[in-house]
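Protein chains in written order, with the numbering used here: chain A, 1 to 461; chain B, 462 to 913.
What the hints contain is simulated information worked out from the structure, not anything from laboratory work. Please note: incorrect hints may appear among the correct ones.
Claimed, not checked - Label-pair ranges, simulated between beta-carbon atoms:
(1) A495(B) to G249(A): 34 to 40 Å
(2) E263(A) to I860(B): 44 to 50 Å
(3) P109(A) to A669(B): 31 to 37 Å
(4) A704(B) to D311(A): 48 to 54 Å
Stated by the list, open to error - Where chain B lies over chain A, by a calculated footprint (3+ residues, C-beta under 8 Å):
(5) 66-80
(6) 304-318
(7) 435-441
Since the model is a prediction, treat every value here as computed from it, not as a measurement. Even glycine gets a Cβ: it sits at the ideal position worked out from N, Cα and C.
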Amino acid sequence: MATRKPSDGSPRGSSRTSSRAASPSAPAGVRDAVIVGGNRIPFSRAGKKYADASNQEMFTAALEGLVARFGLQGERIGEVVGGAVLKHSRDFNLIRESVLGSSLSPQTPAFDLQQACATGLEAAITVANKIRLGQIESGIAGGTDTISDAPVAVSEGLRRALLDASHAKTLQARLKAFAKVRPADLKPLSPATDEPRTGLSMGEHQAITTARWGISRSAQDEVALASHQHLAAAWDAGFFDDLVTPFRGLTRDDNLRADTSLEKLASLKPVFGRGLAEPAEPTMTAGNSTPLTDGASTVLLASADWAAERDLPVLARLVDAETAAVDFVHGHDGLLMAPVHAVPRLLARTGLDLGDFDFYEIHEAFASTVLTTLAAWEDADYCKAELGLDTPLGSIDRDRLNVNGSSLAAGHPFAATGGRILATAAKLVAAKAAETGKPARALISVCAAGGLGATAVVESV
Amino acid sequence: MTDSYTKAVNSGFTKTLATKLGLPRPAVLRRFRAGDPLTVGPVLVVSDEASTGDADALARVLLGWGLDVRRQPTDDTRWGAVLLVLTEAERPTDVSAAVLAVGSVLRRLATNGRVVTVSRAAAEGDAPALAAVRNGVDGFLRSLAKELRAGATGNGIVLTDDAAVDAPSVLSTLRFFLSARSAYVDGQLLPVGPADADLPADWDRPLAGQVAVVTGAARGIGAAIAKTLARDGATVVCVDVPAAGEGLARTANAVGGTALQLDVTSDDAGRRILEHARTRHGGLDVVVHNAGILRDKLLANMKPAQWDAVIAVNLEAQLRINDQLLGDGSGDDGVDGLRIVSLASTSGIAGNKGQTNYGFSKAGVIGHTRATAPLAASRGGTANAVAPGFIETEMTSSIPFATREVARRLNSLQQGGQPVDVAEAIAFLASPAAAGVNGQVLRVCGQNLVGR
């Protein structure tokens, strides 16, 4: 069991009282990348309002709302970066095609990027870095995903036969290729997000982690309830009036259950971890796990000058980011524990403590993901053995966690979640700074399939 | 939203049939397209003897606009427009010759031709005979407009407060009435006062450099207003409720403006509109109160929510936003030179069964527009209203067929108007050169047979 050290080798204590750290500044030769704002479409449970909407339609709609909000018609944006986790092969240029269908200048370059559920945040990190290096002045990051319009593939046997037949030169060879097809090969393969190396679904993986950390059912249900209550309150307060543009008649996230309760959540049957020896009563339900969701999101980033020249507002700057990966394949760590590793490294580099944040945006893949993440940071043994820290990373003020709800309530269209969180965090720190007159800061953490995780620090300007 | 009857009687066999049967044949109205001539033919300028000087001055202006201007009624042409100048007439008998001269060319008025009168408003202290002739023009014009055929309209400019006949606002009103922009404005007399204003450098872009806010811009008439203001050169802030954001984004992207998702009934709507306009576009010049809702019910069946919602959106929101935009009058917290244009309705003028709430709200709009006018004027601005009649929209297309057919034919032009017709009137009132039009209600109703 290797003990990893933070990248700069300095272990971080966390028990000390955190007097507010100085704002981290960009390295020499690197300028700030600022977040102007965001736009997404309301998220919708798979098979409902967006049942026949494609990724391209949804991402184009999210882009069009962003263009309208900020008056970017005809603007040549430096780069548009985004992606989808479940993608048709025909969508090889998904983001570029969306740009071409938008009101942006057709001279706007774009590319697809994919890092599972961290796609949206990774896209923003990529765009921000290009801006920080002076390679582009403006960029749009985002993502889209649809379960309703997911690609359906043919079996490996049929695929081979079709390829062989297309390469065959004679009718005889063609027939020979098809002769190999067996009846079982005709069954289509439905899209799967199971981990290829373990064959386990993400939920089953998380169930193992949940059990290992002994996270209770009620603690998970409380996270889920808070998510719904916070998101509903944010909608009612108009928080999303300048972050969301309706699509196909849907005006709010339709997974949101403003009237849910601990009783209702407690009545749900467990869906993951039923095969595990411990605990006897599995804890993960449809209520404290994210549903399959359709949706798209975008975030507009820029250099401060570019924004100022266009009289655009600036909410925050994307200070720094760190990605990590864990060895979940051999059971060494939980599938969704990578952000636990990324955050101490990010804090070390930015000179911040875990307590130095006004807001914590921890993606709720499952309620227990949030809880295992927090538990790991509080655990001396784990922090020492896995994170190479002499003392635990520390606790966070739970009142600052996902204050406007997160994926349990909003839903989780994989690649679109990063953009949702980043725009929300940027608006939160801007409002906090305007209210207090002091800089405000948010920590973002997004876990992803493949044992991946992306984290970022956002600070008001 | 299509008027298939008007299409039918203007094309092919059905046109011949309709003519033979003597059926009413509403004309296909000519609407503004950049580059088209201002009028469809030569312009005849006639006047009573005393007004010859004013007529000469206007004729010179028309020549400057590149029009074929003539002073003699002849029968060798299809007249594009007739301008009747009666500004200096002092007795009823003074106008006979000029009026009859107009009559002599009406049979040769072109399709989509125009008759425009220019006269002075009767004022306190006028001699009875002077007041008689001045007020007489009102009844004359309204009657004449009802006699015109084939898409031709008649409208009048009524000079107030000794406005000069060639004052910028008079010329800008004249140009509006002569042009295809006023296609569905008929039988209206618009008072125009003296005002310091510049004529536009480019008549096709009278709103160049202006920042305009349009509420209810997601669709229908609001979207048409945004598009028309943008076409005329304005930067448009498109406002609608967050739930209408999809259409709003479409409008904003079509006009190259910005979308502001905002409920106009929220307490700080005016301040947020102003902040958006100032921070994003450097200022605010025009606000168009278009957002409106219907909750039709007979009063006997009216629920509180149905009454209250209509009043809140159609009336209270406008009042609150105006207060916030104009400030309390004490300092510099308001907007100087602001043009406010509100959507009233002929329902607020003539009344409509099942629309006590809507009629109240729209008549209320007319009331507050008149009261806001002097407040706006004290800061160099104006407040006016536009009252649409039957306009072909998604809303009116849901009216049952027979009721709809009757409603759309009950006007001098025998057809419904288009959203763009309302938008054109608003763009005119919002333009800097229309500074002398204040506190007025301009009807865009094809001279609806009910109300004034």
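Status of each hint after checking the structure:
1. A C-beta distance of roughly 35 Å is found between A495(B) and G249(A), which places it inside the suggested range of 34 to 40 Å.
2. For E263(A) and I860(B), the hinted distance range of 44 to 50 Å is satisfied, since their beta carbons lie about 49 Å from each other.
3. Between P109(A) and A669(B), the C-beta spacing of about 33 Å keeps the proposed range 31 to 37 Å intact.
4. The hinted range of 48 to 54 Å is not satisfied by A704(B) and D311(A), whose Cβ atoms lie roughly 27 Å apart.
5. Given as covered by chain B, the segment 66-80 of chain A passes the check, having 7 residues with a CB less than 8 Å from a CB of that chain where 3 are the minimum.
6. Coverage of the segment 304-318 of chain A by chain B holds [criterion: at least 3 residues with CB-CB distance below 8 Å; count 3].
7. Coverage of the segment 435-441 of chain A by chain B is violated in this model, with 0 residues showing a Cβ closer than 8 Å to a Cβ of that chain against a need of three.
In this structure, the hints that do not hold are numbers 4 and 7, in rising order.
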